[in-house]
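Engineer: Chains X and R, in that order, give the protein sequences. The first sequence begins at 13 in the working numbering and counts up one residue at a time. The second sequence begins at 13 in the working numbering and counts up one residue at a time.
Hints listed in this document are in silico derivations from the structure and should not be mistaken for laboratory results. Treat the hints with care, as some may be off.
With a straight-line cut-off of 30 Å between C-alpha atoms, the simulated BS3-like cross-links for lysine-lysine are [to be verified]: (1) R:Lys-140 / R:Lys-154; (2) X:Lys-14 / R:Lys-535; (3) R:Lys-154 / X:Lys-535; (4) X:Lys-69 / X:Lys-154; (5) X:Lys-162 / X:Lys-14; (6) X:Lys-162 / X:Lys-140.
2 protein chains.
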Amino acid sequence: MKVVVVGGVAAGMSAAARLRRLNEDAEIVVFERDEYVSFANCGLPYHIGGEIADREKLLVVTPERLERQLNIAVHTCHEVTGIDRERRVIHVFDRRGKRSFEESWGKLILAQGAVPLRPPLPGIDHPKIFTLRNIPDMDAIKRTVDNGAKSAVVIGGGYVGVEVAEAFQHRGMNVCLIELLEEILPPLDHEMDRALIHHMERQGVSLMLGQRAESFHDANGQVEVRLGSGTSVRCDLAVLAMGVRSESSLAREAGLAIGERGGLVVDEHMRTSDPDIYAAGDMVEVTDTVTRDQAIIALAGPANRQGRIAADHICGRPTAYTSTQGTSVVKVFEMTAGGTGASEKTLKRKGMPYEKVYIHGNGHASYYPGTNPMHLKVLFAPGDGMILGAQVAGVDGVDKRIDVMAVALRAGMSVFDLEHLELAYAPPYGSAKDPVNMAGFVAANILRGDLEQWHAEDYPARTEGTILDVRTPQEFDEWHIEEAINLPLTELRQRLGELDRNQAIYVYCKSGFRGYLAYRILKQRGFSTVRNLSGGLQTFLLHRHVCMGCPETENPLITYAEDRHVTADGSA
Amino acid sequence: MKVVVVGGVAAGMSAAARLRRLNEDAEIVVFERDEYVSFANCGLPYHIGGEIADREKLLVVTPERLERQLNIAVHTCHEVTGIDRERRVIHVFDRRGKRSFEESWGKLILAQGAVPLRPPLPGIDHPKIFTLRNIPDMDAIKRTVDNGAKSAVVIGGGYVGVEVAEAFQHRGMNVCLIELLEEILPPLDHEMDRALIHHMERQGVSLMLGQRAESFHDANGQVEVRLGSGTSVRCDLAVLAMGVRSESSLAREAGLAIGERGGLVVDEHMRTSDPDIYAAGDMVEVTDTVTRDQAIIALAGPANRQGRIAADHICGRPTAYTSTQGTSVVKVFEMTAGGTGASEKTLKRKGMPYEKVYIHGNGHASYYPGTNPMHLKVLFAPGDGMILGAQVAGVDGVDKRIDVMAVALRAGMSVFDLEHLELAYAPPYGSAKDPVNMAGFVAANILRGDLEQWHAEDYPARTEGTILDVRTPQEFDEWHIEEAINLPLTELRQRLGELDRNQAIYVYCKSGFRGYLAYRILKQRGFSTVRNLSGGLQTFLLHRHVCMGCPETENPLITYAEDRHVTADGSA
Chain X
13 MKVVVVGGVA AGMSAAARLR RLNEDAEIVV FERDEYVSFA NCGLPYHIGG EIADREKLLV
73 VTPERLERQL NIAVHTCHEV TGIDRERRVI HVFDRRGKRS FEESWGKLIL AQGAVPLRPP
133 LPGIDHPKIF TLRNIPDMDA IKRTVDNGAK SAVVIGGGYV GVEVAEAFQH RGMNVCLIEL
193 LEEILPPLDH EMDRALIHHM ERQGVSLMLG QRAESFHDAN GQVEVRLGSG TSVRCDLAVL
253 AMGVRSESSL AREAGLAIGE RGGLVVDEHM RTSDPDIYAA GDMVEVTDTV TRDQAIIALA
313 GPANRQGRIA ADHICGRPTA YTSTQGTSVV KVFEMTAGGT GASEKTLKRK GMPYEKVYIH
373 GNGHASYYPG TNPMHLKVLF APGDGMILGA QVAGVDGVDK RIDVMAVALR AGMSVFDLEH
433 LELAYAPPYG SAKDPVNMAG FVAANILRGD LEQWHAEDYP ARTEGTILDV RTPQEFDEWH
493 IEEAINLPLT ELRQRLGELD RNQAIYVYCK SGFRGYLAYR ILKQRGFSTV RNLSGGLQTF
553 LLHRHVCMGC PETENPLITY AEDRHVTADG SA
Chain R
13 MKVVVVGGVA AGMSAAARLR RLNEDAEIVV FERDEYVSFA NCGLPYHIGG EIADREKLLV
73 VTPERLERQL NIAVHTCHEV TGIDRERRVI HVFDRRGKRS FEESWGKLIL AQGAVPLRPP
133 LPGIDHPKIF TLRNIPDMDA IKRTVDNGAK SAVVIGGGYV GVEVAEAFQH RGMNVCLIEL
193 LEEILPPLDH EMDRALIHHM ERQGVSLMLG QRAESFHDAN GQVEVRLGSG TSVRCDLAVL
253 AMGVRSESSL AREAGLAIGE RGGLVVDEHM RTSDPDIYAA GDMVEVTDTV TRDQAIIALA
313 GPANRQGRIA ADHICGRPTA YTSTQGTSVV KVFEMTAGGT GASEKTLKRK GMPYEKVYIH
373 GNGHASYYPG TNPMHLKVLF APGDGMILGA QVAGVDGVDK RIDVMAVALR AGMSVFDLEH
433 LELAYAPPYG SAKDPVNMAG FVAANILRGD LEQWHAEDYP ARTEGTILDV RTPQEFDEWH
493 IEEAINLPLT ELRQRLGELD RNQAIYVYCK SGFRGYLAYR ILKQRGFSTV RNLSGGLQTF
553 LLHRHVCMGC PETENPLITY AEDRHVTADG SA
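Turn these sequences into a full structure, and let the hints guide you.
Structural biologist: Right, dumping it as structure tokens:
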């Protein structure tokens, strides 16, 4: 058996290595267009930023070691230029030796990944405009910074854009992040990225949201980025981080099936429309775990597993790749954010029914030092409570909650299961009632009819009636929703007579907990229409920051990383 | 409806609060023997140690706030001295007012917790011998330290003992930890606590393992602890952390069913043998998720949820408590350790069949700074691969892996599911192939027949044949198993002829990965009996540290927190 792998990074190298482990006799040949194989793709921004000082650390495995350990023939700087499915050969161009040749294959695995988008805008080929996909890209950017670049524009507020902006900021540069949308980090819903945007601004990054880069111009060796708004920004270098597209041109020319998203169509064993050709990694379309749509989700973990599954199937093993749920995490200076499953905007777009809850718990026990409130949003099905998605943004313990939710979603758990999750608790690590448990409690209360919510976005159009603030008078004086009246929870039982029983009552507090207690009292005392604000003012103000442009200094209730203080809400 | 709750900390207060939320009309009365309710039990050692400087932070909720927010009548310093099931009254002694009275109940919830063991050893009532259960205990210990105590003995190496020892060490005291067994942290298997023992010793704690405290004597106001070995240790104070027993005497006197472990017998709704009396928290026996045995597992999370379930059932709701899996975590200076599910010693004791794998992955990508190797052990069923338990010890990212395994176990996942878990990856948080995925890969390889293991404890009795070290000659020279021959993986294919085909071959490397590659080569080249050392020398040396008393300085392969260096094994 001879297997040829095109592309020697995550998916391709996982496939080749797994093949060898399963079959000592197979002839395994890998062609990689660039100079390096199996490098640490996700580490590139951190070498630019200086956190990873030693460049060698990014070069995980050398071709020589692959040859010696795994008996795999690895050819770097070899570009595959064509696939002849009839004759079962590929055309290869050796970029070092400047020669072309044919290579035969019995099975072919395509793992060419994705390429950064580079739209045909005027001036986009300016020599100081970069993309960041591989080691040479990284080297070129770093060299420019090392040579004294003082200012940078990053175009695109996705994970890579945010990481690169942070890297430049670490290098002491003036950094401007330009994003077409009014939000950053697309896997998150818009209210969940507010604290992150604020944090980036406090760290000195200029965020220009809702701005379109329209053209690029040279200005004495600098790049001038002109925006649709008429503004222009000058910088010593610019990085395009506008997303990626599947590297599918070779496959397309060979007549392999391409999906609507431009990625290769594969079956559960990673087989393309040609049963002898497999594909894996960022170039293929996968099924989204929650929406069941076909999607291109460029993530290292799934790429590695897909490569492994392709190898398994070639060796006659029935392992299957079921779906990608899009679990992701990103470091944003001192904060962390990420999620798993579907976002609210995705569920809306798909018309899938959902409910949602917000929890603002701490990373660990509030009385133990070093923790901060995090924002946790859980989306679930209204009927059976199945988990549809979760998002987290905060400082400490964020990645843990993402992973807990990722496993729960993968296991097909419901919010009722979240109530009973037995997570590890000691004060430095969590709380006896973890934020994930709390999300389960609140969500299950809703499904059992013990709690009805209103949401920040319902205000003001859908909150006609009494808006009732049940916090203390001191808290009320600090900031409150304009039309709200104040009736502290501790006096509510005695002062029910002051409320108009004919009006709907929209209760709120800071985090949602006291509001829930007020809801229970009011409902049991005969008030017919009562709603509690999900996540309290903490969620409300995350929304307002968008809708009303309310500057964060006016929001004493939003706690950011730098403040490092602990909120102690009334949860018992 | 009148509900009386006996005990006002985790389970009792959760029950009372939940009751109020579900029923605004219920009369709810809580009697707490001590001065404080709802305090942060698990935070006590950290106030002694000084990390939690402000004592008030431990007092989560005051009786006044419970009264005002939840309309619950809370009586502190009220000890319940008897239960009259006939007349449905309890006898109460008001410790402040020095008076006794009767209180009627419709439903009774017992949440009295557990008391620290205090065996009847000579001299154990010395005034400088303490236990740590509540705020007054903490105050007494802290006062003694504040008043100049310079040395402490902690008896018992469980979670509380280790936390208290660390607290004293933080206060600059000489600390000696005495433990009857040769190991600490009973939820962990003996090889998993080795790095922790070493770390504690490096931090200055004297560990005296396998030692029995037999008597206590006064020595000019100091405590002299005499051990079975004849040694004696003098200290300014001693803390007994020898475990706890269910506070079940009241229930026993009332004729409620008591289990074999001494805890109250309850059904899935937390009802005792009297259908109008409920019990929750550390005083009850629960079903162990994995072994299905009845057990007393004192943990804050389960206690809270049990209290909630008791309240639910009183209010006519069918919520059920299914089982406790024993998820736990402990901070040991800069290290973290814990686990979930059954340990190997438990599975052995129960005669339950199991397989195990060891993974020594990093907390996050090895090329990103600030990470360290962790030891991960996963126990699973030989047939279907169901997860039976997991243990983790390391520096960073330990609590996350415990929680991931805890959710997986609770979801009834198998090791095949671990292969496909889609966890959040970015270099500061994890690896594209997380240690949990790696455990799944290795375990699934075993179950699919792609890998056969040998274990550290098989040596030397069950390793007759060739012991083959496939590391580099440099690594071999540094340290190797005495009888081993060296044949580096990279030369194995060429030098197969040097191996005796008639002998069983016991392969090993450092972490298990290169050994696995060697295993695959040898098996496919016709060697009939081949085994790979699970977890490689890293696991082997954790075992040896016990079995051969090999001092850690001779084990260059064990990486401890202080070394802070990264091991890069051959994983691609």
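Engineer: Next step is simple, just say for each hint if it's right about the structure.
Structural biologist: How the hints compare with the structure:
The hinted pair formed by Lys-140 (chain R) and Lys-154 (chain R) meets the criterion: a straight-line CA distance of about 12 Å does not exceed 30 Å. For the hint pairing Lys-14 (chain X) with Lys-535 (chain R), the CA-to-CA distance comes to about 21 Å; that is within 30 Å, so the pair holds. For the proposed pair Lys-154 (chain R) and Lys-535 (chain X), the alpha carbon gap of about 47 Å is over 30 Å, so the pair is violated. Distance hint between Lys-69 (chain X) and Lys-154 (chain X) is fulfilled; the C-alpha atoms sit about 16 Å from each other, no more than 30 Å.
Only pairs whose Cα atoms come within 30 Å are accepted, and Lys-162 (chain X) paired with Lys-14 (chain X) is rejected, the gap being roughly 51 Å. The suggested pairing of Lys-162 (chain X) with Lys-140 (chain X) holds, with an alpha-carbon distance near 13 Å, which does not exceed 30 Å.
Hints 3, 5 from the list above are not met by this structure, while the remaining hints are.
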